[in-house]
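Going line by line, the protein sequences match chains B and W. Residues 1 to 430, numbered by the working numbering, are exactly what the first sequence covers, in order. Residues 1 to 430, numbered by the working numbering, are exactly what the second sequence covers, in order.
Worth flagging that the hints you see were computed from the coordinates, not collected in a lab. Hints may contain errors.
Repeated chains share a single entry, so a pair holds when one copy, or any two copies, can fit it.
[Unchecked claim] Pairs of lysine-lysine residues, derived as DSS-like cross-links and limited to a Cα-Cα distance of at most 30 Å, are as follows:
| no. | residue 1 | residue 2 |
| --- | --- | --- |
| 1 | K28 | K326 |
| 2 | K365 | K210 |
| 3 | K361 | K326 |
| 4 | K7 | K96 |
| 5 | K409 | K214 |
| 6 | K48 | K66 |
| 7 | K29 | K365 |
| 8 | K383 | K28 |
| 9 | K7 | K66 |
| 10 | K114 | K160 |
| 11 | K374 | K160 |
Residue-level listing of the chains:
2 protein chains.
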Amino acid sequence: MKIPPVKGTRDFYPSDMAIRNWIIDGWKKVSIRNGFEEYDGPIFEYLKIFQIKSGDEIVEQLFSFKDRGGRELAIRPEITPTLARMVNQRISSLPKPIKWFSVPRLCRAERPQKGRFREFFQWNVDIIGVEDVLADAEVIFCALDYLQQVGLTPNDIVCKISSRKMLAAVLLSMGISQNQLEPLYALLDKRNRVPPDTFEQMLAQQIADKNKRKRILELMNIKSIQQISDLLQLNEEAKQSVDELSRLFELLEVMGVADFCIFDMSIVRGLAYYTGIVFELYDRAGKFRAIGGGGRFDDLLQQFGGPALPATGFGIGDCVLTILLKEKGLLQSQLPTCQLDYFVAFTDKQFLQKAIEIIAKLRRKGLAVNFSYKSANLSKQLKQASAQNARKCVIIGQELYRNNELIIKDMATGQQELIEFDRFFAAQSN
Amino acid sequence: MKIPPVKGTRDFYPSDMAIRNWIIDGWKKVSIRNGFEEYDGPIFEYLKIFQIKSGDEIVEQLFSFKDRGGRELAIRPEITPTLARMVNQRISSLPKPIKWFSVPRLCRAERPQKGRFREFFQWNVDIIGVEDVLADAEVIFCALDYLQQVGLTPNDIVCKISSRKMLAAVLLSMGISQNQLEPLYALLDKRNRVPPDTFEQMLAQQIADKNKRKRILELMNIKSIQQISDLLQLNEEAKQSVDELSRLFELLEVMGVADFCIFDMSIVRGLAYYTGIVFELYDRAGKFRAIGGGGRFDDLLQQFGGPALPATGFGIGDCVLTILLKEKGLLQSQLPTCQLDYFVAFTDKQFLQKAIEIIAKLRRKGLAVNFSYKSANLSKQLKQASAQNARKCVIIGQELYRNNELIIKDMATGQQELIEFDRFFAAQSN
Numbered sequence: 001m002k003i004p005p006v007k008g009t010r011d012f013y014p015s016d017m018a019i020r021n022w023i024i025d026g027w028k029k030v031s032i033r034n035g036f037e038e039y040d041g042p043i044f045e046y047l048k049i050f051q052i053k054s055g056d057e058i059v060e061q062l063f064s065f066k067d068r069g070g071r072e073l074a075i076r077p078e079i080t081p082t083l084a085r086m087v088n089q090r091i092s093s094l095p096k097p098i099k100w101f102s103v104p105r106l107c108r109a110e111r112p113q114k115g116r117f118r119e120f121f122q123w124n125v126d127i128i129g130v131e132d133v134l135a136d137a138e139v140i141f142c143a144l145d146y147l148q149q150v151g152l153t154p155n156d157i158v159c160k161i162s163s164r165k166m167l168a169a170v171l172l173s174m175g176i177s178q179n180q181l182e183p184l185y186a187l188l189d190k191r192n193r194v195p196p197d198t199f200e201q202m203l204a205q206q207i208a209d210k211n212k213r214k215r216i217l218e219l220m221n222i223k224s225i226q227q228i229s230d231l232l233q234l235n236e237e238a239k240q241s242v243d244e245l246s247r248l249f250e251l252l253e254v255m256g257v258a259d260f261c262i263f264d265m266s267i268v269r270g271l272a273y274y275t276g277i278v279f280e281l282y283d284r285a286g287k288f289r290a291i292g293g294g295g296r297f298d299d300l301l302q303q304f305g306g307p308a309l310p311a312t313g314f315g316i317g318d319c320v321l322t323i324l325l326k327e328k329g330l331l332q333s334q335l336p337t338c339q340l341d342y343f344v345a346f347t348d349k350q351f352l353q354k355a356i357e358i359i360a361k362l363r364r365k366g367l368a369v370n371f372s373y374k375s376a377n378l379s380k381q382l383k384q385a386s387a388q389n390a391r392k393c394v395i396i397g398q399e400l401y402r403n404n405e406l407i408i409k410d411m412a413t414g415q416q417e418l419i420e421f422d423r424f425f426a427a428q429s430n
Numbered sequence: 001m002k003i004p005p006v007k008g009t010r011d012f013y014p015s016d017m018a019i020r021n022w023i024i025d026g027w028k029k030v031s032i033r034n035g036f037e038e039y040d041g042p043i044f045e046y047l048k049i050f051q052i053k054s055g056d057e058i059v060e061q062l063f064s065f066k067d068r069g070g071r072e073l074a075i076r077p078e079i080t081p082t083l084a085r086m087v088n089q090r091i092s093s094l095p096k097p098i099k100w101f102s103v104p105r106l107c108r109a110e111r112p113q114k115g116r117f118r119e120f121f122q123w124n125v126d127i128i129g130v131e132d133v134l135a136d137a138e139v140i141f142c143a144l145d146y147l148q149q150v151g152l153t154p155n156d157i158v159c160k161i162s163s164r165k166m167l168a169a170v171l172l173s174m175g176i177s178q179n180q181l182e183p184l185y186a187l188l189d190k191r192n193r194v195p196p197d198t199f200e201q202m203l204a205q206q207i208a209d210k211n212k213r214k215r216i217l218e219l220m221n222i223k224s225i226q227q228i229s230d231l232l233q234l235n236e237e238a239k240q241s242v243d244e245l246s247r248l249f250e251l252l253e254v255m256g257v258a259d260f261c262i263f264d265m266s267i268v269r270g271l272a273y274y275t276g277i278v279f280e281l282y283d284r285a286g287k288f289r290a291i292g293g294g295g296r297f298d299d300l301l302q303q304f305g306g307p308a309l310p311a312t313g314f315g316i317g318d319c320v321l322t323i324l325l326k327e328k329g330l331l332q333s334q335l336p337t338c339q340l341d342y343f344v345a346f347t348d349k350q351f352l353q354k355a356i357e358i359i360a361k362l363r364r365k366g367l368a369v370n371f372s373y374k375s376a377n378l379s380k381q382l383k384q385a386s387a388q389n390a391r392k393c394v395i396i397g398q399e400l401y402r403n404n405e406l407i408i409k410d411m412a413t414g415q416q417e418l419i420e421f422d423r424f425f426a427a428q429s430n
């Protein structure tokens, strides 16, 4: 009986796994050097944790199920609700600020398409307990630090930044009501993914007043912070947000990543819980979906039953990133799936037992060692050694019985030398 | 609104995550040095893939759900069916033998108890394409190589080994019918987990003949390979299995791990797909459930629609292992959750901007750097530096503006030195 994989999922054969590990190891390394500590939660949570504040887009994409006790559960589509839950659980004992990262496996019941799978990995970096926009600057720096680390430049990627707080102040001052904001954010977030006509129709369904609609469309085209002050009459709240944005750009300049960053009023984010600075990372050419994004979510912990504690962070998935890295030639198509210190070969079946002894000894000394089950033909074994990226070969032949010697072949230079058995082992690190 | 975690799941706070990473990194390292390549599959598969050959115990513990398209799916409770599916999919292009490992996250809807969670990590190591018992020896060695690596000795753990092929031959020769075997294996596997009376009652339900039951109970107490030949009249098939077991123990001796291994006829394994050598790892004192186990599954690939290809492997979970390591004092209770190259401190708020510049520069050079958002008080900053395991502190004070110098404090020795700004950066690795 042949059973296929489920559509939208991925099988990670060793060559795919090598790429996944390379990406995730890079995420971890950059998180650690930016002072973040790793955490993780369970792969499933109570369904309702994802229904509270994530917004409809996430809720529609949940894989939910019931356990034997009738509990309604769901596979996590994002990790931020788990983060809020975990921080709240230990709110009094955790030293603040909290700088945490995670690399969760997430699932969303989306229609699979280029750069979208139903299961993926997402790098999450968050700072909790810092109100200062310096925290927003630091998470943006961290994302860009990784992207630079793997070779992407300001010619390849752009970080588009805006502020929901500022947008809210402007929209409210235009006469949009408070309870229209959340559905409007969700709609504005879709703007670049639907044709202009469709977008305008959708907007008309939410905003009846033609004039307001016109002004919203104008708003979306503002491309500099200066323009906001020039074009709009700002109330105190809006002015504060503009100042905050200006300070953010100054900090990004000091950090040396300003070349990657632009202000873009059309960045809103789809998730419902954002409250301040929001940003999205794109390929500069605009060919792909967002590589990732994030922003402030100052109310989320409180909404999950905790204290009011400011928070900011981002998520970057592995799917669009991988496509972009491949396109830019920054992803080796053939990362090694194994890397041996020694391949142990033997010239005759009679040496198998000795080979097994030597292999076990070397492995227990911490060395990566392999051998051929099929054996017999030495040149075939040496080929296998090459295929497995062995640095050296140990060749067991008559020399072992004649002079207690092993042949050590350097696979890079091809040079061979004879080494006395015990001397060889004494020289291996433990 | 406060939502609790789902029972039986674990939250990995940074200190828990450090332990999880330490365990999983150890698994990976030992797999690689034993010549295995890493793979992974999706977290969910078609439900039926787990129903075919795993046996009732697994089927009862599935978290299953339907997707929007009505497909019946389940979160993976084990990865072996996925392995069989993946190997079959690329059967002609994959070089044989296949030596693969994986560290899947698995979920089982069990009643949570000590050493059992509803979500856990399991180290899986498999060799596909080798009929020789040498492959069984190699996977057993690999498991023991890890357990030794973390400091466990033959005084702490034991690997109990038997053969289903041998058991089958003996049972069949006793007049047990072929279709009685599978339910009988599942029952025998439970023997050490239920009271003797209960076990005998359960056995009576399956085997009506009192004499046969008596002989089965005698069988289970055989503790040496020699005893099998002495006590039983063996047919050709059984003799072959006994020879195979003897050769396995010889190989384990050559590999230097014989002290860990004993023959134990009562080892049967719960999963339905095992066909030959089977083994389980226990703490020597017998206080806990099995740490892990494995064996041959020569028919599984064919049962999943592929060719007949011999296979052997094992799985070790993280739960019992962690309990055992803690009990033996082999698990540091406080693994570091971060480890900084530099903590950047400053003596006055006015230096914050300079600090941010320096921090970003150092991070981009690959160094792990952190700082305090709260700042101001230097001694508090130095305390934070200690708490975050910083090797050195960069202290920014008046010296920077007076002589363009930074203070570098070695946190281990407490020694401080002044270094010229550019000289300091030139000395940092890139």
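Index of numbered hints that the structure contradicts, given in increasing order: Of the numbered hints, 2, 5 do not hold.
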